[in-house]
Structure formats: C-alpha cells, structure tokens
Amino acid sequence: MSRRTFAPQRHSMTGVFVFLLLATFAVLSTVMVVLSARLYRSMVLESAEHTSQRVLHSYMWNTIHSSDRAGAVSVRQEDGTNVLAFDWSVPGEEKGYETLIYCSDGQLRELLHSKQEEFVSRYGEAICPARELYADIQDQLLTLRVVDENGREELIRVALYASGGKEDAA
Amino acid sequence: MKHQTSSHSLLVEIMIAVLFFALCSTVLLEGFVTAREGSSKNSAATDAMIEGRNLVEQLNLSADPVSVLAENGYAQTGDDLWELKNDPACRMEVRLEQKALSTGVLYEAVVTAWRQSGGEDECLITLQSAHYEAGEVA
Chain A
1 MSRRTFAPQR HSMTGVFVFL LLATFAVLST VMVVLSARLY RSMVLESAEH
51 TSQRVLHSYM WNTIHSSDRA GAVSVRQEDG TNVLAFDWSV PGEEKGYETL
101 IYCSDGQLRE LLHSKQEEFV SRYGEAICPA RELYADIQDQ LLTLRVVDEN
151 GREELIRVAL YASGGKEDAA
Chain G
1001 MKHQTSSHSL LVEIMIAVLF FALCSTVLLE GFVTAREGSS KNSAATDAMI
1051 EGRNLVEQLN LSADPVSVLA ENGYAQTGDD LWELKNDPAC RMEVRLEQKA
1101 LSTGVLYEAV VTAWRQSGGE DECLITLQSA HYEAGEVA
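Protein chains in written order, with this note's numbering: chain A, 1 to 170; chain G, 1001 to 1138.
If you are wondering where the hints come from, they were derived from the structure by calculation, not from laboratory data.
There's no promise every hint is true.
Here chain G is said to cover these stretches of chain A; the calculated rule only asks that three of the stretch's residues, wherever they fall, bring their Cβ under 8 Å from a Cβ of chain G [to be verified]:
#1 116-125
#2 135-143
#3 150-158
We treat Cβ as the ideally placed atom computed from N, Cα and C, and that holds for glycine.
Just chain A, same shape as in the assembly (with noise of 0.2 Å):
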C-alpha cells in the first residue's frame, strides 16, 4: 500500500518541476522578445531622429555656403511665410531667379523661382519634415530656428562671408 503511494507523489513532483522548468522558459522568452523589441524600436526611432537632424543642419550649413554671395542672402515673408532667399539675379537687374528656403505642410521646402512669379508655397520640393522656420540675419551671422515634426527647436549658426546678409521688414 505503501509503495502505491509513494510512487504518485514522487512522480508529481518531477511533473511539477518540468512544469516550473518550461513556464520558466516561457516567460523569460517573452521577456526576452519583449525586451529586445522595446530596444530596437528605441534605436531604430532615435537613428531617424538623428537622420532627419543631420539632413537638416547639412542642407542649411551647405546651402548657405555655397550660395553666399555679396547681397544674395536675404530674409522676408511671403503670405505670411518665414522665407530664405538666396538672390541668383545680376545685380541690378529686377529680372531674375531666386532660391526660396520655408516651411510649408509639415515640411522644409525649397523652391527656384522667377522673381516675377507669384508665390506658390506648395510648389517647393520637401527637403525633410519641419513645421516652422525662424531666420534672423545680425553681423553678418545669420541664425536659423526650425521646429521639427516633434516640436523640437534646431539652432543652426552660418557666419554669411560674402554677402553680410539683408533683413527685409518680417
């Protein structure tokens, strides 16, 4: 009688620890899963978060430096637009083209245009995503404020060499 009882208890016991084994597993397989794609999604935002930022602050460093010239770097509104313009016309000249930096839809636009043509904000090519821009031209440096897609501010320096740069009345 008393082998009979013994031998259930005995084999209870292993069944339970083979249970408490696998559960173990389980559970820290999940965590682990869990974990890691709390981690790569993390990495994955914050990389992209920093592209955009990158991207931003190089377009604006080399855009500015290439198009610094005496008189061509100016800033002013447009339909009530916060506009970059770099002056491609001969001096003296009313006719002519212009490169136009902005924000528009959620995003920094550039656009080339004739200055005798009305503008169109939509019709500049999205650069990266951006919600306001703040430009501001003083002793010949010129600063630059965008509001990213998450709010954040971008401070962006370029010393304007040639140009000295123009604030027309914003």
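For this one, chain A is given, so just place chain G on it according to the hints.
Only chain G this time, still in chain A's reference frame:
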C-alpha cells in the same frame, strides 16, 4: 523504471533547451548592448557636431572670441582653455590661441568634444576655426 527514465530524459532535454536559450539570450543581449552603445555614441557625436559647428561659425566671424565663448556658456578652466559641461555624457572644450602678426591678429580655436567611455575620455569630434583681424600697417 521505464517511466522514470523517460521522465529524466525529458528533464535533460528541457535543461539542454534552457541552456541553449541562455546562451542565445547572452549573445543577443550582448549584440543589443553593443548596438545601444553605438547609438548613444552616435547621438552624442551628432549633438557635439551641431554644437561645435554653431560655435565655429560664430568664432569665424568674431574678433572677440572670449565674449562669444562666454555668451555660449563656456567657462575658462585653463590659460587658453574653455569648457562647457551642459551634458554629463559629453564635454565640450575650446583651446584658444591668439597670434600677433605684423599686419594684424590671427585668432585660432580648436573645438573638441569628449565623451566618458569606460572611465576614459573618448574624442568625438575636433573642429577648427580661424579669424584674422587686420591691423594698421605701419
């Protein structure tokens, strides 16, 4: 007896699986930790590059680099050394040099960003700036 043997073999099989899982987890976690560290270094380098570049643009124009550094929150820590410690993960350092030439003054600055990594300082970026202020020629 037969039942006990099969139960033991199941146990051994599960333990091997758990061991294999533990090994895989270790490798995976190590990979994620390395990636996380790389991402954090990359993030610090990007921030330092933007901070440094903005400062260099200002220094390139200014004949008074000391006031530019003070405006940007830098504190003098040595003869020609200025430091900014806004971020605990990254330290910005500017070494200023002023050279008096026969025709004017040349201001040179080297901007370096340092990051603490494993108890040691690791250089993230180095940028240089120079501004020449012409003087009166005798």
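Now for the hints, and whether the structure bears them out:
1. 116-125: violated (count 0)
2. 135-143: Held - the segment 135-143 of chain A has 3 residues with a Cβ nearer than 8 Å to chain G, which meets the minimum of three.
3. 150-158: holds (count 5)
In this structure, the one hint that does not hold is number 1.
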